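J.: With chain A held as given, fit chain B onto it using these hints.
Next come the chains, spelled out residue by residue.
There are 2 protein chains.
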Amino acid sequence: MKILIDGMGGDFAPKEIVKGAVRAAAEIDETIVILGPEDLIKKELDACRWSGSNIEIVNAAEVISNDETPAMAVRRKKDSTIVRGMNMIKDGEGDVLISGGSTGALLAAGLVVLGRLKGIRRPAIAAWFPALSEGGSTLLLDCGANVEAKPEYVYQNGIMGSIFVRAIKGIEKPSVKLLNIGAEAGKGDELHKEAYKMLSEADINFDGNIEGRDVIFGGCDVVVTDGFSGNIFLKSSEGMSLAIMGQFKKKLTEGVVAKAGAMLAYSKIKEIRKVFDYSDVGGAPILGLRGAVLKVHGNSKETEVYYAIHKAIPYVRNDVTGMIAEAVSHSDGLSAKKENGEDEGQE
Amino acid sequence: MKILIDGMGGDFAPKEIVKGAVRAAAEIDETIVILGPEDLIKKELDACRWSGSNIEIVNAAEVISNDETPAMAVRRKKDSTIVRGMNMIKDGEGDVLISGGSTGALLAAGLVVLGRLKGIRRPAIAAWFPALSEGGSTLLLDCGANVEAKPEYVYQNGIMGSIFVRAIKGIEKPSVKLLNIGAEAGKGDELHKEAYKMLSEADINFDGNIEGRDVIFGGCDVVVTDGFSGNIFLKSSEGMSLAIMGQFKKKLTEGVVAKAGAMLAYSKIKEIRKVFDYSDVGGAPILGLRGAVLKVHGNSKETEVYYAIHKAIPYVRNDVTGMIAEAVSHSDGLSAKKENGEDEGQE
Numbered sequence: 001m002k003i004l005i006d007g008m009g010g011d012f013a014p015k016e017i018v019k020g021a022v023r024a025a026a027e028i029d030e031t032i033v034i035l036g037p038e039d040l041i042k043k044e045l046d047a048c049r050w051s052g053s054n055i056e057i058v059n060a061a062e063v064i065s066n067d068e069t070p071a072m073a074v075r076r077k078k079d080s081t082i083v084r085g086m087n088m089i090k091d092g093e094g095d096v097l098i099s100g101g102s103t104g105a106l107l108a109a110g111l112v113v114l115g116r117l118k119g120i121r122r123p124a125i126a127a128w129f130p131a132l133s134e135g136g137s138t139l140l141l142d143c144g145a146n147v148e149a150k151p152e153y154v155y156q157n158g159i160m161g162s163i164f165v166r167a168i169k170g171i172e173k174p175s176v177k178l179l180n181i182g183a184e185a186g187k188g189d190e191l192h193k194e195a196y197k198m199l200s201e202a203d204i205n206f207d208g209n210i211e212g213r214d215v216i217f218g219g220c221d222v223v224v225t226d227g228f229s230g231n232i233f234l235k236s237s238e239g240m241s242l243a244i245m246g247q248f249k250k251k252l253t254e255g256v257v258a259k260a261g262a263m264l265a266y267s268k269i270k271e272i273r274k275v276f277d278y279s280d281v282g283g284a285p286i287l288g289l290r291g292a293v294l295k296v297h298g299n300s301k302e303t304e305v306y307y308a309i310h311k312a313i314p315y316v317r318n319d320v321t322g323m324i325a326e327a328v329s330h331s332d333g334l335s336a337k338k339e340n341g342e343d344e345g346q347e
Numbered sequence: 348m349k350i351l352i353d354g355m356g357g358d359f360a361p362k363e364i365v366k367g368a369v370r371a372a373a374e375i376d377e378t379i380v381i382l383g384p385e386d387l388i389k390k391e392l393d394a395c396r397w398s399g400s401n402i403e404i405v406n407a408a409e410v411i412s413n414d415e416t417p418a419m420a421v422r423r424k425k426d427s428t429i430v431r432g433m434n435m436i437k438d439g440e441g442d443v444l445i446s447g448g449s450t451g452a453l454l455a456a457g458l459v460v461l462g463r464l465k466g467i468r469r470p471a472i473a474a475w476f477p478a479l480s481e482g483g484s485t486l487l488l489d490c491g492a493n494v495e496a497k498p499e500y501v502y503q504n505g506i507m508g509s510i511f512v513r514a515i516k517g518i519e520k521p522s523v524k525l526l527n528i529g530a531e532a533g534k535g536d537e538l539h540k541e542a543y544k545m546l547s548e549a550d551i552n553f554d555g556n557i558e559g560r561d562v563i564f565g566g567c568d569v570v571v572t573d574g575f576s577g578n579i580f581l582k583s584s585e586g587m588s589l590a591i592m593g594q595f596k597k598k599l600t601e602g603v604v605a606k607a608g609a610m611l612a613y614s615k616i617k618e619i620r621k622v623f624d625y626s627d628v629g630g631a632p633i634l635g636l637r638g639a640v641l642k643v644h645g646n647s648k649e650t651e652v653y654y655a656i657h658k659a660i661p662y663v664r665n666d667v668t669g670m671i672a673e674a675v676s677h678s679d680g681l682s683a684k685k686e687n688g689e690d691e692g693q694e
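Heads up: the protein sequence lines correspond to chains A and B, in order. Letter 195 of the first sequence, counting from 1, is numbered 195 in my numbering, and no numbers are missing. Take any residue in the second sequence, count from 1 to its spot, add 347: that is its number in my numbering.
Incorrect hints may appear among the rest.
[Stated by the list, open to error] Result set (DSS-like, lysine-lysine): computed pairs, CA atoms no more than 27 Å apart in a straight line:
1) K606/B x K187/A
2) K251/A x K497/B
3) K251/A x K596/B
4) K249/A x K606/B
5) K197/A x K150/A
6) K270/A x K540/B
7) K617/B x K187/A
[Claimed, not checked] Only some residues are given here: those of chain B computed to face chain A with a beta carbon under 7 Å:
8) L479
9) E481
10) E495
11) G559
12) F580
13) G586
14) I591
15) Q594
16) L599
17) K615
18) E618
Simulated from the structure, these hints should not be mistaken for lab results. From a predicted model like this one, the values you see are computed outputs, not experimental measurements. The beta carbon of each residue, even a glycine, is placed where N, CA and C say it ideally should be.
Isolated chain A (complex conformation) (with noise of 0.2 Å):
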């Protein structure tokens, strides 16, 4: 297997993202390709003082930044990471592509270079979102790939979920359920209401409606929704904890009696910042495209680097892609509503 990474996607990149790959490539069999211009990491792998042999590079000179548009970017920058990354997916020379780069590039690429999975109408982005259950984690899915929602792709996002949290957990009935504004059925506008009808109808653990409040108590392995109010969920639910967080910090460290406490109770705010923590869960999988791609939080440093590329081992070896190729194949729903003649393109 060969994992590639983007070795210049993110705020810490080059450096954090060769430590993340050192560290893992001492623990797996599998190769590590980082892509960058070359001198530039064999620097980073230098000062790693790393001499294993499950370590490549391929260079890639050019860098696309978030300040440009996505679609843009790839058509003129050929030689950038992401798009030599899709370029070697496409070519078999890579089974996975990491990057903590521009969400909208890699999507953009991912589309132009690998495109859709046949049957997939919109590829989703996946977010693990921490979870105060056994599992302790939820995928969430669509994250924002896809702005202009359709039913269709709510359900698709039913389906993709519930194969990748087989793959990656080995749940072998993920339950799914739909975020709503209430928990009964009939909740929600017109969106809601149909995505509902078409995951009841579909061949995966549906269990009804979910609401903003309930998710982070757990209660299911998947929440499936649009991509707006996903990203709003996802954005919300993370503003409130980094809010709520950086108060204790603040005012923990305020005055000599509640700094003391805040020493004899570190243990558990250590244990209880960890519960919240959303980067040991290993990176966010573009689920739809023909390829697997896992994209890191542009912030990620050596840890998320190291998390991800442990869970992107599953996410190949269980052929994650090619369960979702055959179960679309096989799904009469998202057949019924092809052949009505929808628009297929990609905005």
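T.: Relative to chain A, chain B alone:
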């Protein structure tokens, strides 16, 4: 001024409602009218040893529960606290109705009994969201009155929210932002792009998009959104807040050392809890009706009721309802949209 309060609305009615009313009534000159079964309310008033003259009781024998279909319940239960209250507002026998009862029933009764203000496409539920900035709270609307969204509704939310915040907080030109999946202009689906354009042309202090992550950190006075996204935003933030606070409560009572630490840091932890506490912000107005209606949370206790009564006073005194009516009658963008002959009915 007569402040009507639903004595039977919410999980802790009538006891906590009456206690909150008594606490507020002791401080204000306005008359508080409690609606509910007369003997029951009287008993609670006696339990509070109330001997003042500015609390009245209006007998209303029926209660609409959360389990009932709102529209049907409103039609059938003419003697319910909510329907009686709305009729009193309509007949000039009260200036504002406060209720912790079913939001759906309040909205349905508001539409049936009071009706929408001329020019208002859809009433919206507005809620105060905590903010870690000066001012300490942001008004968010719509929180879920309308699940099917149109750009015009979002645009009108901007106008209504501005007027309400000016009335309650005395901010001359409240800053308004649009909840969206990116901060830059041009982000989002068609609905949000169109709403952005309409808000830009409105006679309000519109300041662009805001992401879900940033609302808690303050930075604007009003956040406008469609009802679906607003509901997702509010509930996911609430879930995260509940989850983290719950973890702190649980973990900091595990073991002697952590417990001792928590005791030392107690006053600070209490301060933090207060920052993220929604209870003292004073209810969620339903804006756009021909009368002032204030929804309080179903789990409201004495304190929440007390604050809601205090916040109801400037809501009435500054004639928010009249000001919205006037602003909408002057709104050209809106009239243009209306001439397109779009549906004016409420689902």
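J.: Now tell me, hint by hint, if it's right for this structure.
T.: Do the hints match the structure? See the list:
1. K606/B x K187/A: This hinted pair is violated, its Cα atoms lying about 43 Å apart.
2. K251/A x K497/B: violated (42 Å)
3. K251/A x K596/B: Given that 27 Å is the threshold and the Cα spacing comes to 16 Å, the pair holds.
4. K249/A x K606/B: holds (18 Å)
5. K197/A x K150/A: Since the Cα atoms of K197/A and K150/A sit roughly 13 Å apart, the hinted pair holds (cutoff 27 Å).
6. K270/A x K540/B: Violated - the C-alpha atoms of K540/B and K270/A are around 42 Å apart, more than 27 Å.
7. K617/B x K187/A: Violated, at about 37 Å.
8. L479: With a minimum Cβ separation of about 6 Å from chain A (threshold 7 Å), the hint on L479/B holds.
9. E481: violated (15 Å)
10. E495: Because about 5 Å separates E495/B from the closest Cβ in chain A, which is inside the 7 Å limit, the hint holds.
11. G559: Where the cut-off is 7 Å and the nearest Cβ of chain A is about 3 Å from G559/B, the hint holds.
12. F580: holds (5 Å)
13. G586: holds (4 Å)
14. I591: holds (5 Å)
15. Q594: holds (5 Å)
16. L599: Where the cut-off is 7 Å and the nearest Cβ of chain A is about 6 Å from L599/B, the hint holds.
17. K615: holds (4 Å)
18. E618: With Cβ-Cβ at 6 Å, under 7 Å, it holds.
The structure is inconsistent with the numbered hints 1, 2, 6, 7, 9, although it conforms to all the rest.
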